[in-house]
Amino acid sequence: MAGDGGPGGRRVGPGGWWRAARRTVTSFLADGVLDWAAALTYYGVLSLFPGLIVVVSMVDLAGVSGQRTLVDNVREFAPGPARDTAIALLEDLHGTAPTAGTVAAIGLAVALWSASRYVGALIRALNAVHDVDEARPLWKLAPLRLALTLAMLLLFGASALAVTFTGRLTEQAGRLFGLGEAFVTGWNVLKWPVLLAIVVVAIATLYRAGPDVHEHPRRWITPGCVVAIVTWIVASVGFAVYAANFGSYNRTYGTLAAIVIFLVWLWVSNVAILLGAEFDAELARVRGREPDPIGPVANPVRPEAAERVQGVRT
Numbered sequence: 001m002a003g004d005g006g007p008g009g010r011r012v013g014p015g016g017w018w019r020a021a022r023r024t025v026t027s028f029l030a031d032g033v034l035d036w037a038a039a040l041t042y043y044g045v046l047s048l049f050p051g052l053i054v055v056v057s058m059v060d061l062a063g064v065s066g067q068r069t070l071v072d073n074v075r076e077f078a079p080g081p082a083r084d085t086a087i088a089l090l091e092d093l094h095g096t097a098p099t100a101g102t103v104a105a106i107g108l109a110v111a112l113w114s115a116s117r118y119v120g121a122l123i124r125a126l127n128a129v130h131d132v133d134e135a136r137p138l139w140k141l142a143p144l145r146l147a148l149t150l151a152m153l154l155l156f157g158a159s160a161l162a163v164t165f166t167g168r169l170t171e172q173a174g175r176l177f178g179l180g181e182a183f184v185t186g187w188n189v190l191k192w193p194v195l196l197a198i199v200v201v202a203i204a205t206l207y208r209a210g211p212d213v214h215e216h217p218r219r220w221i222t223p224g225c226v227v228a229i230v231t232w233i234v235a236s237v238g239f240a241v242y243a244a245n246f247g248s249y250n251r252t253y254g255t256l257a258a259i260v261i262f263l264v265w266l267w268v269s270n271v272a273i274l275l276g277a278e279f280d281a282e283l284a285r286v287r288g289r290e291p292d293p294i295g296p297v298a299n300p301v302r303p304e305a306a307e308r309v310q311g312v313r314t
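Per this note's numbering, residue 1 is the first one in the sequence shown, and the count goes up by one each step.
Bear in mind the hints are in silico, worked out from the structure with no lab data behind them. In this text, all values refer to a predicted model and were calculated from it rather than measured experimentally. Some hints could be false.
Okay, the calculated beta carbon distance ranges per label pair [what the hints assert, rightly or not]: (1) A209 to V25: 35 to 45 Å; (2) R136 to W192: 28 to 38 Å; (3) R219 to L155: 18 to 28 Å; (4) L190 to V237: 18 to 28 Å; (5) L150 to W18: 34 to 44 Å; (6) L256 to A135: 40 to 50 Å; (7) V237 to T185: 21 to 31 Å; (8) L150 to V45: 19 to 29 Å; (9) G157 to G254: 12 to 22 Å.
The beta-carbon is built from N, C-alpha and C at its ideal position, and this holds for glycine as well.
Please model the entire structure based on the sequences and the hints provided.
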């Protein structure tokens, strides 16, 4: 990846990578990434609960084993700030098996509408990160937004499937296809890399299709994807340790502490996603694939963005 200049771009050495990293820090502040992450958190909450209804309804169709497996995996591996809230939501939504198909259909429609608003906000945020205005016409942007939303819902469902398909469900599948204990043991280990791969594909898809830029790197998985995933993991672990040992959320918010912690964790997750996009944007400028907003541009650039970064990006 270090030598990939991409279409229309030049190769980048160690100095170029360091320059892109420095520019990312200054651009991160100049582009208002923290505020964009807060907006994405709002839209994310609106789309999260309908999405959970779909996932839980699908799991209910698998019976009690699927329900308990999903909750057990969330309890074991979810980041601390999100664990209690997620488990409470999942347990409250369980028990809809008699009407799971209907609930899933209704939930899917609501989730599609809600998630499309999140995707729309993310497209605007990615355009801000790349310092371009949206120039695509509505007839082109609307189908793109719908396609990205459907793709994210499918990947979200695949993630839930990967987490749920374990324990007794894995044993039943092993017996059905004539596979032994090795299959059960292997899948219990491999499901987490599979889940990570799904997340990487989701982020890479949003980075590539979301912003209104004309040139993309040859590789689908960009350095920004790696930055986003590593940042998210480190930040989640760090925030979990802070909330459990040093934070005063319980004293400050009382019974609302779990919800507040969950919202802060969602905000941290969106910050990580936008940070990775910011690094990709700056790396593209270093490679010459994207123009600086202070120079001649192919896409229209917001004047205030040009003024904001003048003298900051070097």
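> Which hint numbers doesn't this structure obey?
Replying inline: 1, 9
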